[in-house]
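Work out the full structure: start from the sequences and follow the hints.
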Amino acid sequence: VRERAVGAEVSRALNPAQQVIKIVHEELISTLGEPERLNLSGEKPRVIMLVGLQGSGKTTAAAKLARILRSQGERVLLAAADPYRPAAVQQLVTLGEKVGVEVFHQTGLKPPDLVRKAFEQGSKGGYSVLIADTAGRSQMDDQLMEELRSITRKTTPADNLLVVDAMIGQEALHIAEGFRDSVTLSGLILTKMDGDARGGAAISIRSVTGVPIKYLGVGEGIEALEAYDPRRLASRILGMGDVIGLIEKAEAAFDVEGAQQQAANMMSGKFSLEDFASQMKQIRKMGPISQILDMLPGNLGKAAQQVSPQDAEKQLKLTEAIISSMTRDERRNPDVLNASRRRRIARGSGVDVQDVNRVMKNFREAQKLMKTLQKTGGKGLPKLFG
Numbered sequence: 001v002r003e004r005a006v007g008a009e010v011s012r013a014l015n016p017a018q019q020v021i022k023i024v025h026e027e028l029i030s031t032l033g034e035p036e037r038l039n040l041s042g043e044k045p046r047v048i049m050l051v052g053l054q055g056s057g058k059t060t061a062a063a064k065l066a067r068i069l070r071s072q073g074e075r076v077l078l079a080a081a082d083p084y085r086p087a088a089v090q091q092l093v094t095l096g097e098k099v100g101v102e103v104f105h106q107t108g109l110k111p112p113d114l115v116r117k118a119f120e121q122g123s124k125g126g127y128s129v130l131i132a133d134t135a136g137r138s139q140m141d142d143q144l145m146e147e148l149r150s151i152t153r154k155t156t157p158a159d160n161l162l163v164v165d166a167m168i169g170q171e172a173l174h175i176a177e178g179f180r181d182s183v184t185l186s187g188l189i190l191t192k193m194d195g196d197a198r199g200g201a202a203i204s205i206r207s208v209t210g211v212p213i214k215y216l217g218v219g220e221g222i223e224a225l226e227a228y229d230p231r232r233l234a235s236r237i238l239g240m241g242d243v244i245g246l247i248e249k250a251e252a253a254f255d256v257e258g259a260q261q262q263a264a265n266m267m268s269g270k271f272s273l274e275d276f277a278s279q280m281k282q283i284r285k286m287g288p289i290s291q292i293l294d295m296l297p298g299n300l301g302k303a304a305q306q307v308s309p310q311d312a313e314k315q316l317k318l319t320e321a322i323i324s325s326m327t328r329d330e331r332r333n334p335d336v337l338n339a340s341r342r343r344r345i346a347r348g349s350g351v352d353v354q355d356v357n358r359v360m361k362n363f364r365e366a367q368k369l370m371k372t373l374q375k376t377g378g379k380g381l382p383k384l385f386g
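In the numbering used here, the protein residues as written are 1 to 386.
Any given hint might turn out to be false.
As the list claims (entries may be wrong) - Computed list of lysine to any residue pairs in SDA-like fashion (alpha-carbon distance at most 20 Å, straight line):
hint : residue 1 : residue 2
1    : Lys110    : Thr156
2    : Lys98     : Ile68
3    : Lys317    : Arg358
4    : Lys314    : Lys361
5    : Lys98     : Gln72
6    : Lys98     : Gly221
7    : Lys124    : Gln106
8    : Lys368    : Arg332
9    : Lys124    : Gly73
10   : Lys281    : Arg332
11   : Lys285    : Ser324
12   : Lys361    : Arg332
13   : Lys154    : Pro83
14   : Lys98     : Glu223
15   : Lys361    : Pro334
16   : Lys44     : Arg70
Derived from the structure by calculation, the hints contain no laboratory data.
Dropping the structure here:
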C-alpha cells in the first residue's frame with residue numbers, strides 16, 4: 001500500500017485520503033483472492049463435506065447451503081453424520097424441514113459408514129448433491145481427523161469445506177491450519193461475519209492457508225448465507241458499506257410490479273401514505289435492520305451509525321400500525337387528518353398522538369424528498385453516498 005501510495009499522482013476525481021482508501025481497497029481484494037465455485041460437475045451425487053469444531057455454526061451452515069443449492073435447481077440430500085450429539089441430528093432434521101430438504105440419519109452407524117450409506121441412497125434417489133454435516137469436537141484431535149479422512153476415502157468428496165467462526169479472531173487461523181494439514185480443504189465458510197470482527201479473520205485465514213473463501217454467514221436467519229465476493233467484503237472491512245448486497249436484499253424482498261407503481265407515483269408527485277407504508281413493509285422483509293444499516297455507504301452509513309437498530313425496528317412497526325389504523329381515504333388523502341382523526345388513529349393503534357404526529361412529519365419529509373427528485377431527476381442522490 002505504501003509503495004503504491006507514496007509518490008502516486010493524485011487523481012482529479014479523488015482527494016488524497018480517498019485515493020489511499022482506494023489503494024487499500026484494491027490491495028485487500030488482491031489479498032482476499034478471487035471467488036471459487038463449488039465443484040458440482042461429475043458423478044452424482046456430488047459430496048460436500050462440512051468440517052469444523054463445535055459451536056462454529058456448521059450444522060446451520062449445512063442447511064443454509066442446502067437451501068442455496070436447492071434454489072439453484074439441485075436435488076439436495078443432507079446427511080446428519082454426528083452420532084455423538086443427538087441434539088445436532090435433531091437440529092439438522094428441523095432445519096431440513098424448514099428449507100425443504102430431506103435429511104438422512106441412522107443410529108448405530110459410525111460417521112464414515114453413515115455418509116457412505118447416505119451416498120448410496122442419494123444415488124438411488126436421483127439426488128445431485130449430498131451435504132455431510134460431520135461431527136465436531138471442542139478441540140482438534142487425532143480421532144476426529146482420522147474420522148474425516150475415513151469419510152473422504154469412502155465417498156471422495158468433491159468439496160471439503162471448513163466452517164469457522166470469524167468472531168474467535170486469531171484462533172480461527174490456528175483451527176484452519178490444523179484442519180488444512182490433516183484434511184485436503186477446498187474452501188471455507190466463515191460464519192458470524194455480521195459481527196464486529198469485520199473480516200479480519202478472513203484476511204488472515206485466506207492469506208496464510210491459501211484456502212479460498214466460498215461462503216459467508218451474515219446472520220442467524222436461514223437465508224443469511226451469501227456467496228463470497230472479495231469486493232463486497234473489502235468494502236465492509238473498510239466501513240464503505242455493501243451497496244451490491246443491499247440491492248440483492250431489496251430485489252429478493254420487493255414486489256417488482258408494486259415497486260414500479262410506487263416509482264411512478266413518486267416521480268409524478270403522488271406519493272401517498274399507502275406508498276409510505278408499503279416501503280416500510282418491504283424494508284422489514286429485507287431482514288434485520290442492523291444488517292441493512294451496516295450495508296449503507298457514505299454519508300448514509302455514517303448517519304446510520306448513530307441509529308439504534310432496535311429503535312429503528314420499533315419505529316418501522318409503529319409506523320405500520322399507525323397507518324393501518326387509518327381509513328383508505330385518509331391514507332390516500334393525508335390532508336384530511338385533522339386533530340380529532342389523529343386522536344382516533346392513536347387510540348386505534350395503541351400509541352400517543354405525538355407518535356402519529358411524528359409519523360406524519362416523517363411522511364411529509366419523504367414526500368418532500370420525492371418532489372425534489374421529481375424536479376431534479378434524481379441528481380441530488382450522489383450527495384447521500386458522499
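For each hint, the structure was consulted:
no.: 1; hint: Lys110 - Thr156; in the structure: 17 Å, holds
no.: 2; hint: Lys98 - Ile68; in the structure: 13 Å, holds
no.: 3; hint: Lys317 - Arg358; in the structure: 14 Å, holds
no.: 4; hint: Lys314 - Lys361; in the structure: 17 Å, holds
no.: 5; hint: Lys98 - Gln72; in the structure: 17 Å, holds
no.: 6; hint: Lys98 - Gly221; in the structure: 11 Å, holds
no.: 7; hint: Lys124 - Gln106; in the structure: 17 Å, holds
no.: 8; hint: Lys368 - Arg332; in the structure: 16 Å, holds
no.: 9; hint: Lys124 - Gly73; in the structure: 18 Å, holds
no.: 10; hint: Lys281 - Arg332; in the structure: 17 Å, holds
no.: 11; hint: Lys285 - Ser324; in the structure: 17 Å, holds
no.: 12; hint: Lys361 - Arg332; in the structure: 16 Å, holds
no.: 13; hint: Lys154 - Pro83; in the structure: 18 Å, holds
no.: 14; hint: Lys98 - Glu223; in the structure: 11 Å, holds
no.: 15; hint: Lys361 - Pro334; in the structure: 11 Å, holds
no.: 16; hint: Lys44 - Arg70; in the structure: 15 Å, holds
Of the hints listed earlier, there is not a single one the structure fails to meet.
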